[in-house]
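Trainee: Going down the list, the protein sequences come from chains R and W. For the first sequence, counting from 1, position 2 maps to 2 in this note's numbering; every step adds exactly one. For the second sequence, counting from 1, position 31 maps to 1031 in this note's numbering; every step adds exactly one.
No wet-lab data here; the hints were simulated from the structure. Misleading hints may appear alongside valid ones.
Straight line, CA to CA, 25 Å or less: simulated SDA-like cross-link-like pairs of lysine to any residue [to be verified]:
(1) R/Lys-205 / R/Phe-219
(2) R/Lys-214 / R/Ile-152
(3) R/Lys-71 / W/Leu-1003
(4) W/Lys-1006 / R/Leu-221
(5) W/Lys-1048 / R/Ile-89
(6) W/Lys-1113 / W/Pro-1034
(7) R/Lys-214 / W/Pro-1034
Given the structure is predicted, the values throughout are model-derived calculations rather than measurements.
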Amino acid sequence: MIRTSRLFAQSGLITLCIGLLFGLIAAIQFISPDFLSGIPFYKARPLHVSLVVSWIFSVGISACYSYLEEKSLLRFKTLSLIHWGLYNITFVGIIISFFLGSFGGREYWAFAPAFVFPILLSWILFAIIFFASVIKVKDWPVYLWMWATGIIIFIYTFCEANTWTIDYFSNSAVREISIQWKAYGSLVGSWNMLVYGTAIYLMEKISQSDTYSKSRIAFILYFIGLTNLFFNWAHHVYPVPLSENIRLLAYGISMTELLILGRIIWKWKSNLQENKAFKNMNSYALMVSSDFWVFFNLLLAILISIPVINFFIHGTHVVVAHAMGSTIGINSLILFAYLYYHKQQTRTKLFNTAYHLTNWSLGIFLTGLILSGTLKGMARHQGENYYQIVQTIEPYIHSTLLSGCILFIGITLLIISYFRSSQAN
Amino acid sequence: MSLSRKRGILICLVILYLVANYFVYTSATATTEPINDSARSGRLVFQKYNCVACHQIYGLGGHMGPDLTNVMTEKGEPYVRSFVENGTQRMPKFEMSTQELDDLVSYFDYLGKTSEYQNSNYSFTWYGTVNQQEPTEKKL
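Let the hints inform the model, and build the full structure from the sequences given.
Mentor: Given below as structure tokens:
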């Protein structure tokens, strides 16, 4: 990696380390609220969320720059460093504001609205740099389409997520909540575009073939993904009293994800054959495990999109399992695969331990969340009050938190292993 | 797939997206219950103290505490005031001004009137959707 891509990768790793720490603090506070009372849960949680979201974006951006730098396409190099500087200064400002107790108080984007402008500016800079650099590339591979989509959609949905500051949108709670979660649904889609684009770019480098990235099936799947990004956000807000047509549209569109699911199953056998060829590569091992989590999360996403199922598990830990499964199992493992690709590929004992610990503890962690959420949903519909529900799910929450602590160790070892292999180079 | 076909699909999707967005921004989310000034200020109080880190509105938010969409209709104003003023083992005692607390109560009152989260009066269709009937009398 050269310059800007390396800088973004390093920023991403730093934010991940700190984000994991706040995740651990928040997890302990979940069962012991007095733990570290100087950083209460309502501060620890947004710190954790913002830092890990920044990890995903930083390394996703790093992959885009890596492509541009490797192909000698990067234009406005100085501007790309300004982009990095602005992104990080804004981020440090957000972290300080959280410590000082200054919040915008929105889910995910919990920072004060003043930070919207520098964030937006940094993404506009990124868009200018990216499009100016790739404009002359002919026959774009699918990952360029995905990165371009991710950048544009981020800018649009980020603006959309902040429409609550305009009276027209905030005059109605239904409109405000619906648009907030519509924006968040697509926003997650935008970082997924960056991450999945990175995955295909990486596969192209590992296999040294661009057959898939320019294939018809790659573009069909891209357009299915884009359709879902645009229209299937409403499962977040099924219980909000908005138009029934929106729910039906989202329900119908989300079922097209079955095609992607089918494709994964269909490809399983050939993936296994590829696995034999690249089995000694750290990045490939991480990519293969992320493939499993894609399957798992896609299945969960499809189930959540069915209104009858959604009715029971909405607002429970099943949704948390979906979010955590996607951000850790898919996004983080793909991004680690990208980072490891630039290091020595020797399978060390430390890497193997980290790899297995991360995947197995993630499995237990998600199972615990799904069980807790399912029980919560059932108890809620049997008319139990909040405190009865908390008691019912408590053992599952404890086991989830225990596996979360092991997961923390697993990811930390992955980071240590990454730095060690980097020293070996 | 040719470039012109890719562009064509993309343009069609974007146009449909913009049309759908217009619908979402206008009639799809129209409500008969406009927010009043006090409730609007209450929403900002809710955001200022980052309540969403622990609580949910319409099932959206943190899982440390309960959903608050219908807290006023289900538990009543004294209960809400008491919780915010005194805190609990899991919830910090927030040092809110009287005005902030009044506004927050107004916001919860307004939210409760928009609809009933987890309406207990429902039926299912054969194709997997949920019909939510009028809220139960208990909650009104």
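Trainee: If a hint holds in the structure, say so; if it does not, say that too.
Mentor: Now for the hints, and whether the structure bears them out:
1. R/Lys-205 / R/Phe-219: holds (19 Å)
2. R/Lys-214 / R/Ile-152: Holds, at about 21 Å.
3. R/Lys-71 / W/Leu-1003: Distance ~22 Å between R/Lys-71 and W/Leu-1003 Cα, so the pair holds.
4. W/Lys-1006 / R/Leu-221: Holds, at roughly 12 Å.
5. W/Lys-1048 / R/Ile-89: holds (23 Å)
6. W/Lys-1113 / W/Pro-1034: Holds - the C-alpha atoms of W/Pro-1034 and W/Lys-1113 are around 10 Å apart, at most 25 Å.
7. R/Lys-214 / W/Pro-1034: With Cα atoms ~51 Å apart, R/Lys-214 and W/Pro-1034 exceed 25 Å; violated.
The structure is inconsistent with hint 7 alone, although it conforms to all the rest.
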